[in-house]
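Visitor: Spelled out from the first residue to the last, the chains are:
There are 4 protein chains.
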Amino acid sequence: MRDEKIIVTGDIISHHARTKLQERGVEIDAIAEIVYALQHPYAPNLTMAECVESVDAVLIKREIQHAILVGIELDVLAEEGRLSEPLLSLITGDEGLFGVDETIALGSVFGFGSIAVTSFGYLDKEKTGIIRELDRSTDQVNTFLDDLVCSIAANASARLAHRLRDRDEATTVVIRKPEDEELIG
Amino acid sequence: MRDEKIIVTGDIISHHARTKLQERGVEIDAIAEIVYALQHPYAPNLTMAECVESVDAVLIKREIQHAILVGIELDVLAEEGRLSEPLLSLITGDEGLFGVDETIALGSVFGFGSIAVTSFGYLDKEKTGIIRELDRSTDQVNTFLDDLVCSIAANASARLAHRLRDRDEATTVVIRKPEDEELIG
Amino acid sequence: MRDEKIIVTGDIISHHARTKLQERGVEIDAIAEIVYALQHPYAPNLTMAECVESVDAVLIKREIQHAILVGIELDVLAEEGRLSEPLLSLITGDEGLFGVDETIALGSVFGFGSIAVTSFGYLDKEKTGIIRELDRSTDQVNTFLDDLVCSIAANASARLAHRLRDRDEATTVVIRKPEDEELIG
Amino acid sequence: MRDEKIIVTGDIISHHARTKLQERGVEIDAIAEIVYALQHPYAPNLTMAECVESVDAVLIKREIQHAILVGIELDVLAEEGRLSEPLLSLITGDEGLFGVDETIALGSVFGFGSIAVTSFGYLDKEKTGIIRELDRSTDQVNTFLDDLVCSIAANASARLAHRLRDRDEATTVVIRKPEDEELIG
Numbered sequence: 499m500r501d502e503k504i505i506v507t508g509d510i511i512s513h514h515a516r517t518k519l520q521e522r523g524v525e526i527d528a529i530a531e532i533v534y535a536l537q538h539p540y541a542p543n544l545t546m547a548e549c550v551e552s553v554d555a556v557l558i559k560r561e562i563q564h565a566i567l568v569g570i571e572l573d574v575l576a577e578e579g580r581l582s583e584p585l586l587s588l589i590t591g592d593e594g595l596f597g598v599d600e601t602i603a604l605g606s607v608f609g610f611g612s613i614a615v616t617s618f619g620y621l622d623k624e625k626t627g628i629i630r631e632l633d634r635s636t637d638q639v640n641t642f643l644d645d646l647v648c649s650i651a652a653n654a655s656a657r658l659a660h661r662l663r664d665r666d667e668a669t670t671v672v673i674r675k676p677e678d679e680e681l682i683g
Numbered sequence: 499m500r501d502e503k504i505i506v507t508g509d510i511i512s513h514h515a516r517t518k519l520q521e522r523g524v525e526i527d528a529i530a531e532i533v534y535a536l537q538h539p540y541a542p543n544l545t546m547a548e549c550v551e552s553v554d555a556v557l558i559k560r561e562i563q564h565a566i567l568v569g570i571e572l573d574v575l576a577e578e579g580r581l582s583e584p585l586l587s588l589i590t591g592d593e594g595l596f597g598v599d600e601t602i603a604l605g606s607v608f609g610f611g612s613i614a615v616t617s618f619g620y621l622d623k624e625k626t627g628i629i630r631e632l633d634r635s636t637d638q639v640n641t642f643l644d645d646l647v648c649s650i651a652a653n654a655s656a657r658l659a660h661r662l663r664d665r666d667e668a669t670t671v672v673i674r675k676p677e678d679e680e681l682i683g
Numbered sequence: 499m500r501d502e503k504i505i506v507t508g509d510i511i512s513h514h515a516r517t518k519l520q521e522r523g524v525e526i527d528a529i530a531e532i533v534y535a536l537q538h539p540y541a542p543n544l545t546m547a548e549c550v551e552s553v554d555a556v557l558i559k560r561e562i563q564h565a566i567l568v569g570i571e572l573d574v575l576a577e578e579g580r581l582s583e584p585l586l587s588l589i590t591g592d593e594g595l596f597g598v599d600e601t602i603a604l605g606s607v608f609g610f611g612s613i614a615v616t617s618f619g620y621l622d623k624e625k626t627g628i629i630r631e632l633d634r635s636t637d638q639v640n641t642f643l644d645d646l647v648c649s650i651a652a653n654a655s656a657r658l659a660h661r662l663r664d665r666d667e668a669t670t671v672v673i674r675k676p677e678d679e680e681l682i683g
Numbered sequence: 499m500r501d502e503k504i505i506v507t508g509d510i511i512s513h514h515a516r517t518k519l520q521e522r523g524v525e526i527d528a529i530a531e532i533v534y535a536l537q538h539p540y541a542p543n544l545t546m547a548e549c550v551e552s553v554d555a556v557l558i559k560r561e562i563q564h565a566i567l568v569g570i571e572l573d574v575l576a577e578e579g580r581l582s583e584p585l586l587s588l589i590t591g592d593e594g595l596f597g598v599d600e601t602i603a604l605g606s607v608f609g610f611g612s613i614a615v616t617s618f619g620y621l622d623k624e625k626t627g628i629i630r631e632l633d634r635s636t637d638q639v640n641t642f643l644d645d646l647v648c649s650i651a652a653n654a655s656a657r658l659a660h661r662l663r664d665r666d667e668a669t670t671v672v673i674r675k676p677e678d679e680e681l682i683g
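Protein chains in written order, with the numbering used here: chain A, 499 to 683; chain B, 499 to 683; chain C, 499 to 683; chain D, 499 to 683.
Hints should not be assumed to be uniformly reliable.
Same chains, same names: a pair is fine if it fits in one copy or spans any two.
To be verified - SDA-like cross-link-like pairs, simulated, lysine to any residue; straight-line CA separation at most 25 Å:
no., residue 1, residue 2
1, K623, S582
2, K559, E578
3, K625, E531
4, K623, G579
5, K623, A528
6, K623, V506
7, K623, R580
8, K559, E548
9, K625, S582
10, K623, H513
11, K559, T590
12, K625, E583
13, K625, R665
No lab work stands behind these hints: they were computed from the structure.
Can you make the complete structure from the sequences, with help from the hints?
Guide: Laid out in structure tokens, this is it:
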């Protein structure tokens, strides 16, 4: 059905992704707190503001916004019993061997490198902060949402790790070869 | 909602995954033909029966069955206009930068190694056989299904490549160290 | 240089992969202990023998044997100072943002599904048992090896999770549709 | 050996990665030509300058620079017979089922989304332009390099696809909600 293609602009998607996160009870600050807990040991001077900024930056990525829209949609449809069986039971029961929730979340994790992947795996198992609340919630289906939050937090954390390194290096005196100069990110 | 966990047995999921593929117009033989086209150049004696057998073997994997259930469900919900915006437009329009369909399909491709990943990428771009029919269909939304078929075909193809190698090696005389003997797959 | 292609049989590779693991101080039992720790909470009756069997099964996979050969080779070459700079410093220093070690290990993790990926991430951060010993070793470069062990343990653990589920289901009475019967793994 | 950690600054790595590509016969323009061929059908006004710019931008990423350093090092070591067997034969013979080269290249492809992954798979199979030259070379081992070039080209191509979309949207009149305004990439 490519002919009747509709263009949905990035800012409409961005707006909906952020709104849906909030509607499902996930505030940016709650994700930022997980980022802070992950990165603070390596960066003692890290501020919550930097963590919030990093979460915001991650939420700009199309890949992540799309994952959020799909994941939350499936959670809501499952909650309202509007999915067919056996998928409905797989999702409402958060079946242990059902991995599509991790797969969708992982899709956007790869974008931030292998540190993000390992952090995602760690958060998915440890379930700290808001992730645990989502996982334990009895009045909402969060099968996809808790993995999405792991993904956003892992990405924001990995992004920070790279940024902090870049900042450190910028302060170290290095003889730069001219051809590199303009290439440093 | 883990407490009220429902166990959906593997054979129920397997049955539904295969049935839904058929309901959406994808026969095992059509996938096997793609596998044959991919592997025949490397294995002149390859038979269609071996390709069908490999597709069947791939469809036993939980990871793939789950991906099929989720992907086809989203296609059907989009077709019936039962998804919220802007997700509905993203899926019905098969938006070029929307990658969750590839992500879900890729999740099960990794299971068959890097050859499967490259074959998936190739099929996703070349869209041979049934994949092209699905991509061009005007009476069905196949945003997720065409990627799922790429995934199943790529997996069955990679699986065959490994099996054929194993068979070749089994026929070559090799002095095997006892401790390996029982480990040969 | 495809013309002069040499076929290295699977059992030679298998033998070398297992031998190199041992030479670098990694016994199958040490990996099996990590598997046991990961799966025991979900399977009280789990035995160490089953964990050893699962590690052995994982080590049969070509993808993993190849990863082991490449990873350990790079560790040894770095140890002996036989790599060029700056790669040598990146590997000997186990540079935090250097992710090729995780990437190579992850390549074989995907093969065992998303549970394996999350377990890998968890182990890579928690570094339990032999993984910690490798990470802290001062007389060996284990930049790649510790990730490889995380990968093998995560894979063997995920494989067990699926097998145990299959075993449970086999004991539950289910009316199976004939067409599924022969497809159940 | 974390204690004696050496910090290798990003610009040193960046310089070496680009230099090694050149030393092995891969010019930025040759990669840009592949990017142009991939994206031109979707963007008629695309210029080679934009493709070169995109390749340069991709080469800034640490993940890719690290992959280049490791991959080319292994090619050179294999070429000089300085790897142990059976790894040496696996790499010099570019063994079909050896997938660590694709794995390392894929590690940096994920960073640019699922479009990059499918483009990578396509290039890895089609082997256009410089990729084919590398694949057919008889005086150099390019087992890892050809996959690295597929990766860089796929990433630069996917990056362009997203940029071109952003540019299109910027020119379309959209009522933006204030809270989105600063978030548009």
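Visitor: I'd like to know which numbered hints this structure contradicts. Please list them from smallest to largest.
Guide: Violated: hints 1, 2, 4, 7, 9, 10, 12 and 13.
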